[in-house]
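S.K.: Using the sequences and the hints given, assemble the complete structure.
So the sequence lines, in the order shown, correspond to chains R and S. For the first sequence, counting from 1, position 163 maps to 163 in our numbering; every step adds exactly one. Count along the second sequence from 1, then add 1000; that gives the number in our numbering.
Hints are computed from structural coordinates only; laboratory data are not their basis. All residues carry an ideal CB built from backbone N, CA and C; glycine is no exception. Incorrect hints may have been included.
Straight-line C-alpha distance at most 25 Å; calculated SDA-like pairs for lysine to any residue [to be verified]:
(1) R:22 / R:75
(2) S:1260 / R:298
(3) S:1029 / R:75
(4) S:1055 / R:253
Sample of chain R residues facing chain S (criterion: CB under 8 Å; computed from the structure) [claimed, not checked]:
(5) 5
(6) 168
(7) 201
(8) 246
(9) 270
(10) 279
(11) 290
(12) 425
(13) 426
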Amino acid sequence: MNDIKDFLKEERNQEWRVELKKSMKAKERTGRVRGHMPEADPKTRNKNSQEVNLGLELQQAVSEAGRCLDCVNPTCIDGCPVGINIPKFIKQIEARDFNGAATTLKETNALPAVCGRVCPQEKQCEATCFYSVSLKKDPVAIGHLERFAADYERDSGNMSVPVVGKPNGIKIAIIGSGPAGLACAGDMAKSGYDVTVFEALHEFGGVLKYGIPEFRLPNEIVDVEIDIMKKMGVKFRKNYIIGKTLTFDDLREQGFKAFFVGSGAGNPSFMNIPGENYNNIFSSNEYLTRVNLMNAANNEFDTPVISGKYVAVIGGGNTAMDSVRTAKRLGAERAMIIYRRSMEEMPARVEEVKHAIEEEIEIMNLHNPVEYFADEKGRVNKMRVQKMMLGEPDSSGRRRPIPIENSEFDIEVDTVIVSVGVSPNPLIPSVLPDLKISKWGTIEVNPETMQSSVDDIFAGGDIVRGGATVILALGDGRLAAAGMHKYVSEKVKVN
Amino acid sequence: MYKILEKEIFSENVIKLVIEAPEISRSRKPGHFVIVRIDEKGERIPLTIAGADEKKGTITLIIQRVGVTTCKLTDLKPGDYIRDVAGPLGKATHIEKVGTVLCAGGGVGVAPLLPIVEGFKKVGNHIVTVIAARSKDRVILEEQMRQNSDEVIIMTDDGSYGNKGLVTHGMEEVIKREKVDMSVIIGPAVMMKFASQLTKKYNIPTVASLNTIMVDGTGMCGACRCSVDGKTRFVCVDGPEFDAHSVDFDEMLQRLGAYKEKELEAYLKYLKIRPLDE
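M.R.: This is how it looks when you write it as structure tokens:
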């Protein structure tokens, strides 16, 4: 820990940082108001797939970076799951070294353009920013600045391809091309390994492609990152369901020396209430996959999607917000969130809730569905909801929702999207009897190396955590790469 | 890209394609299916593998023309490519020696039934197979079924071939005359519903292979969910085979109709733009 502190101190004391700090009085810095992210007009954007956040203008970014006090004790870093050197990249923006800022971000975060868009910064770095903690002011817009630096580098056309180590000829298999897998693949390629990423679907990017909608994370941003990895020599194979198309033994026979499983938490949960299997009741995964991965809203594509007029989305997480906002964009007159707790307990990013409300999404807090009804063709036409109140905090620390008796009433709906959580994809655990699995179906790993109970198999992301965030998956992927590198170096003789 | 090597037209609506997919041909077992996507704009549809030739590295799909995707797929010719074929998916059929196995296939359901019949025969079961079709020209794989069964009974709705009657008539005849230890039924949901009711009446353990709507086929979307013994299960990862007596076939029928209007609309549009020489 002291090593890191010393390192940060040393960096902070570099001449350019000292000069920059001196160039403006702290009072002037703290006197600035947090820059506002330019956004697409809510009345227009809720009818198309345009990205909502437009990105900070260059001047705005430089000015926002000037708010950062380059603290002696940068507590923001403590809030970052991957420990990005936040003051350094922000000061590089202030000094107008934008590509340098992107490089700093990439030292610890494989996908800054993605994280700048989807990280819950208000619960992480921005929550521990000096402004939030001590000044009780709006924190430095760390997330917006992260996105700015990454976008600047991409738009400059000068995106650097990370330096790849001398090829060592050792084959490594990455299973799943979501954030965890991509992070692990990138690091292993940098260390000179012969890396192949196997993906079950027909597109690469995992949840970044099938889950997160275009208006929040354009696919192009993910594709650019994958192209960079291809340039680093990483091989990508689609339509491979490892454990089925090829088994782990098949891959071992083909010379693969270690595996990283990042197969995600793809299994949608349902509530098991009466009528839940009526038509036009979907999991958020199905709804979002149809629209995002299969392009179902575009008439030129063959996959259909139901564009309901009265759409209820059950749940209060980011996926629920993505689903309800997608439904609005597909033409819903009424698009509602039905969530059993209050606004404060909502797990969704604050920004997503704000954007949703601007887009005329209705939010019904403290309501829970108890039953669905259908027309003669089996299509849902009504849902019965029950009012809830909050009791004592439960194991998650959030106040427990308690049903209020005799408070049920009916709401007219023609589409319901159930977004109450996901569980780990059971496919890989089911084909590896020796793999130690928790009672939640997640793969058990050594938290320092991400190594599983099967020596040559490492794992990370949602298959280990249940349902977590992109940034945690990226962190896991990197940690696993380090663990894997150590394992392979010790176990495999390099000729 | 997956190359089509052979094409055989069984009937106006049922076509066999042999596709180059070496890894799937090696790893597939009876009961497995693949997800197919024809081109960049195509949808993902599940198709049960009807056979494989490991040496040639091919799998066989037998496809009924029911909508846009199946029509586009069966309009392809040898030498053409399919963009995506992913698999094998689902749980393989649990095959063991039980004695007499009554295998019943309705319509194109006879195709996925064939590898299961082969599997049960190989381990020494006595196999009686009932093939049911609307009429003579829709009876498929009779020869292959005869090679792998001890007896084959053919039922047609109109009596144009074999015996006149439904699949259940043929099945009941067998059940009445000999002890049946197990039954496997594959076909349209309605056929499986009634075949299942029949074997339940006689307390014969029965497995049905469900063909529900799917998107990813790997347990991710839940489009394929069905109620088995009152619990929601995913056909793609928990199935496709289930204890037939526990399956809620009425719910399955309802769910299969989820996109009926959209499918019809797309089909009519497709017929208009379809090349005339096809």
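S.K.: Of all the hints given earlier, name the ones this structure violates by number, lowest first.
M.R.: Hints 3, 5 and 6 not satisfied by this model.
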